[in-house]
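Order-wise, the sequence lines are chains H and C. Heads up, the first sequence is in this note's numbering, so the first residue is 1068 and it goes up one at a time. Heads up, the second sequence is in this note's numbering, so the first residue is 75 and it goes up one at a time.
Calculated directly from the structure, the hints in this document are not laboratory data. Glycine included, C-beta positions come from ideal geometry on N, C-alpha and C. Take these hints with a grain of salt, some might be off.
Stated by the list, open to error - Covered stretches of chain H (chain C as the covering partner; in silico rule of three or more C-beta atoms under 8 Å from a C-beta of chain C): (1) 1103–1113; (2) 1138–1148; (3) 1208–1217.
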Amino acid sequence: MSDKLIQIETPFVFNGENQREFDALIGRYPVKEAAMLPTLHLAQRQVGYITPAVMKYVAEQLEVSVMKVKDVVTFYPMFFEEPVGEYVIRVCHTLPCALRDCKGVLDHLKAKLDTDVASETNLAKGTTPDGKFTLMKVECLASCDVAPVIMVNGDLHKNLTSEKVDEILNDLSEK
Amino acid sequence: MVQERRILYEHLDVPDINTFDVFRQYDGYTRFEKAIAEYQPDDIAKMVMDSGLKGRGGAGFSTGLKWSFVPRDIKPCYLCCNADESEPGTFSNRYVLEKNPHLLIEGILICCYAMGIETTYVYIRGEFTLGKEMLDAAIKEAYEKGYLGKDIRGTGLNVDIYTHPGAGAYICGEETGLIESLEGKRGQPRNKPPFPAVEGVFGKPTVVQNVETLCNLPFIVGNGVEWYTQMGPTYADTRSDPPTPDPNTGTKLYCISGDVNEPGVYELDLGLTCSELIEVAGGLRGEEVKAVIPGGSSAPILTHYELDTRLDFTSLTLAKSMLGSGGIIVMNETRNIVDCLLNIMKFYAHESCGQCTPCRWGTPWVRDIVQRIADGNGRKSTMTRPKFGVAENGRWGDTGETEEIYEDLDLLESVANNIANVDTMTWNTICVFGIAVSWPAVSYMRKFRPEFEAAIREGELVTLPVAEATVPPEENYAYQQRFVPKEFADL
């Protein structure tokens, strides 16, 4: 890990829009460190995942140590430390979805995308070779009434069947 | 049949209710205006206390009482709105955020006025992209219309609301975990005391309230305490002499999912029974109810013997379960309880924050034991031992019979009870996550023991018929102290 932190290839800075958002964020809290989560979300939106350069930059901006940023990044499952596909497909597999056959949806996605399911330490395992999709299992997405559900980036898809999954994948492939 | 009583959800399906103008047409912000025009802050706090409103997030703690712990002389004081809805089976807050965010803002304004709070953080789940978008838009509109910001409506009241996104950690729904996360750290819960009401976010007094709790405030202020307390039962707490009233007032957003025909959110008065709720939700999908989880996956399971249990805070506590967040999951006769427990234990093993050793190591251990049983490798001893149960004299003790020893079931109970002991209600962890793990683990195992034994004996998952899979209440020591509460009016 220490090697990763030292090997900073391309330095990171916020682009204009994100810089403006960050400036607005920082004024909301009495201490700068509190802006950690929204700042990391901004950075991840810009580069796709949290690189060592991002951690260093965020640490400087929030006036904390790089280790503290790393500490936070490793705790929260929504922050990625490896590159992910353009579309991250999150499949809910907690009890209410399991009662409505989320396993069928997951198996169908696995077959369609011809990939395995990503684990938190190995995102590449669930990413398609063309870098378009990453397939991962997540815990409850708070949509149990319309189970089974998947979330593609920010969009929730409800009451899934194999046909609906095909439609969603077709739409995404055409984009 | 029990009728829905829509109060929080009344205008949920009105088109464009998320915009200020439409919300305004449906009495939007008039309750807040009434509060600042007619009442002093202390009056509002008293109204909330008298209304008997209990926190809807999970613990069911009296909101008025929580407010009374906040020292009034330490400023600034913060309000944290908990919109980190991640308990499996719960999804009512998401609809409020996505469809009617102004109602939440009005609730926040009333709370801020009552408590003299100027800054509110809405901690919203990272996965609620749409919900955050809608709430952000509504907040922006409220600022433009002069209902947020400095000197609101010329009263000198200043309130700012900021949304703060989470990042997918279940534990951040625990109030002190939420506070840590809000401060930009790992969301690991803090020891209590000091309670957040005294020392919360940034070391200042903090009120942490669930979305649903805050959404109740406009209606309490708008329609009065008397109107509010008519809904739901009030019990007598006979532990004190004379008995004190134990209110379960108001409506609850019951989220029902699993094996019912019309899963969804139903707003009903507190205190209806389990079977009534299943009927409201379009009836059971399947032949027979096998089990019901009454309050999110953390709550101890109810069997078909307990379907007459009333779904309110007091009744479920007395039934050794909890209403929690009101996420009801129904399972029919085709479900295997071992399999269901495995799913839930995988969830907890994944979500343990890793701060306390019993939980960090205990949750994966429990998961592994259940996995082993489900895989057909559960361990059973060749020896027998005396059986304990209700003896001839009617008391708990040696029945004179012998029983087989299922080592893995003993181990499961022992490990779970050492994370948090469900019988004594003491936990060896900082937060209540520990009890949220051992409650399902122990209750599923005790109440559906035949199914666990069958899986170990047969070497594969066996789904038994409902009557055979369930341990009758009189043979199950989880039920021993169960009694049905009396209505306050009956005394």
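Evaluation of the provided hints:
no.: 1; hint: 1103–1113; result: holds (count 5)
no.: 2; hint: 1138–1148; result: holds (count 7)
no.: 3; hint: 1208–1217; result: holds (count 7)
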